[in-house]
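Novice: Here is what each chain is made of, one letter per residue.
There are 2 protein chains.
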Amino acid sequence: MTDSAWEPVPRTRTYELVLARIEEQFLTGRLRVGDRLPPERELVELLGVSRAAIREALRVLEAQGVVRSKVGTGPDSGTVIAALPSEGLTQLLRLHLALANFPLADVFEARASLERSSARLAAEHATPGQLARLRELLARMDEPGLTREEFNDADTAFHVALAEAAGNRLVTDLTVAVRGAVRHTILGAFRQLPDWEAEVARLRAEHHAIHRAVAEADADRAGELVEAHVRGFHQVIAEVGPQPT
Amino acid sequence: MTDSAWEPVPRTRTYELVLARIEEQFLTGRLRVGDRLPPERELVELLGVSRAAIREALRVLEAQGVVRSKVGTGPDSGTVIAALPSEGLTQLLRLHLALANFPLADVFEARASLERSSARLAAEHATPGQLARLRELLARMDEPGLTREEFNDADTAFHVALAEAAGNRLVTDLTVAVRGAVRHTILGAFRQLPDWEAEVARLRAEHHAIHRAVAEADADRAGELVEAHVRGFHQVIAEVGPQPT
Chain A
1 MTDSAWEPVP RTRTYELVLA RIEEQFLTGR LRVGDRLPPE RELVELLGVS
51 RAAIREALRV LEAQGVVRSK VGTGPDSGTV IAALPSEGLT QLLRLHLALA
101 NFPLADVFEA RASLERSSAR LAAEHATPGQ LARLRELLAR MDEPGLTREE
151 FNDADTAFHV ALAEAAGNRL VTDLTVAVRG AVRHTILGAF RQLPDWEAEV
201 ARLRAEHHAI HRAVAEADAD RAGELVEAHV RGFHQVIAEV GPQPT
Chain B
1 MTDSAWEPVP RTRTYELVLA RIEEQFLTGR LRVGDRLPPE RELVELLGVS
51 RAAIREALRV LEAQGVVRSK VGTGPDSGTV IAALPSEGLT QLLRLHLALA
101 NFPLADVFEA RASLERSSAR LAAEHATPGQ LARLRELLAR MDEPGLTREE
151 FNDADTAFHV ALAEAAGNRL VTDLTVAVRG AVRHTILGAF RQLPDWEAEV
201 ARLRAEHHAI HRAVAEADAD RAGELVEAHV RGFHQVIAEV GPQPT
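In order, the protein sequences belong to chains A and B. Position 119 of the first sequence, counted from 1, bears residue number 119 in the working numbering, the numbering being contiguous throughout. Position 69 of the second sequence, counted from 1, bears residue number 69 in the working numbering, the numbering being contiguous throughout.
Isolated chain A (complex conformation):
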C-alpha cells in the first residue's frame, strides 16, 4: 500500500479538504442540483488554498459526475452541480463492490436485507405491467434446455424487475447494484453445481412463490420468501466451494 515514503501528502490533503468543504455545502442543502459553484478564484479566496488544489477537487467532482463544466462567459457558464443519474450511481456502486472484495457472505446478507425490503414494497405497489414483466421472466426461466448463462440472465432480470416494482428508487438502485455485483459469481457457482437440474427446479419454484405473494399483495410473505430464497442460495453456493468474488 505505501509505495513511497515521499508522497506529496500536503497537496493531497488540501484537495481532499476542498472536497470535504464542497460536500458539506451539498449535505446541508446550501448548494443544490442546478446551482453554480463559485468561480475558481473565488473558491481560492473562500477556502484559502491554492488554485491547483481547487482545480484538482473540481476534476474529481467532474469525473464523479457531480459537477459539469459549461464553457463560455455567458450567464450559463461555470461549474454547475448535476445529479448523478440512477444508472450512474448503480454503476459506480457495482464497480466498487466488485473491487472491494467484500466477503461473499456479507454481500448476500446485504442482498437478503435489501431484497426483502424490495419485495415487501413490490407487494404493496406493483402495477399490472410490472407483474406481467415478472411473469414473462418466470416463463423464460421455465423454458427447458436453457444454458446456465441464459438462466442466470433471466434470474438477474427477475430480481431487478422485482426491485423496480418496489417504487422506491433508492432501494431499487442499491438492490440492482448489489445484485449486479454478484452476477458473475452466481454464474460461476451455477457452472460448478453438481446437480444443476435439481437446483434450477428449486429456484424456479421459489421464484413462482415470490411472484404469487407479490401478486396477492402479501408483503410479509413476499419479504420472507425472498429473504429465505437469497439466504438459501448462498448456502448452496457456499457448499460448492470458494467462489471468485
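Hints in this document: simulated from the structure, not taken from any laboratory. Be careful, since some hints might not be right.
All copies of an identical chain are treated as equivalent in the list; a pair is satisfied when it fits inside any one copy or across any two copies.
[Unchecked claim] With a straight-line Cα cutoff of 25 Å, these simulated SDA-like cross-link-like pairs (lysine to any residue) come out:
1) Lys-70 <-> Ala-52
2) Lys-70 <-> Glu-16
3) Lys-70 <-> Ala-154
4) Lys-70 <-> Val-44
5) Lys-70 <-> Asp-106
6) Lys-70 <-> Arg-55
Given the coordinates of chain A, assemble chain B onto it according to the supplied hints.
Specialist: Below, chain B alone, put in the same frame as chain A:
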C-alpha cells in the same frame, strides 16, 4: 438537461465504452485489485479506439479511486487497480444521495431495511467493546440540556456504532452512507419539533431498548425495534412539514 444540440457525442460514447469494457474485466474477476491495466498503447489496440478515449477513461477511473498511476519505467510502474477504501465508498454514496434528491420516504425506507439488518447482525456479533461504545453514546444522549445539534451528533454516532457492531462491512458502509445523507435533514426536523422534550424522551427510551435487545443477543427483537424506531421517527418528521432533503 440538453444544453447544446452539438455536444461531441461520439467521443463521449467511446470513452464510456472503454469504461464499460474495463468494468467488465473487474466484474468477471479477470482483473483484480493489485493487477496492472495493460499500457495505453496496448489498450488502444485491444479496444480499437483512440488514445484520447483511453486517456479520458483512465482519468475517470483515477478520479474515482479505482486505479492509481505509478510513474517510472520499472516493473512497478503503470496503472494499478486499487480498492476504494470503505470511507471512500461511503463518502461517494453519501454525496450522491445528498444530490440525487430521493424522496425522504424512500431514504427512510432504505434506512429501516438496512438498519434492521445491522441490528440483527449486531445482536449476533457485537463485541464487549462495541456494546460499551453503544452505552457511552446512550449516556451522552441522556445528558440533560443537550442542544438539538449535540443530541443529533450522538444519535448519528449511535446508529453508526450499531452498524459497525454488525461485523458486515458492506451493510455497515451502506447504512452509514444512508444515515449520513439524512443527518442534516434530521437536524432540521429536530429544530422544528413543537415538543422537543417529549420527542427526545421517546428517542432515548427507544435507543435504550435497542441496546438491551442487542446486548441480550435477541436478533429478532433488535431488528424489529430498530425498524419501528426508524419508521416512527419518519412519521414524526413527516408531520412537522416538508423537509429539505
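Novice: Which constraints among the numbered hints does this structure fail? Numbers only, ascending.
Specialist: Checked against the structure, the hints that fail are numbers 3, 5, while the rest are satisfied.
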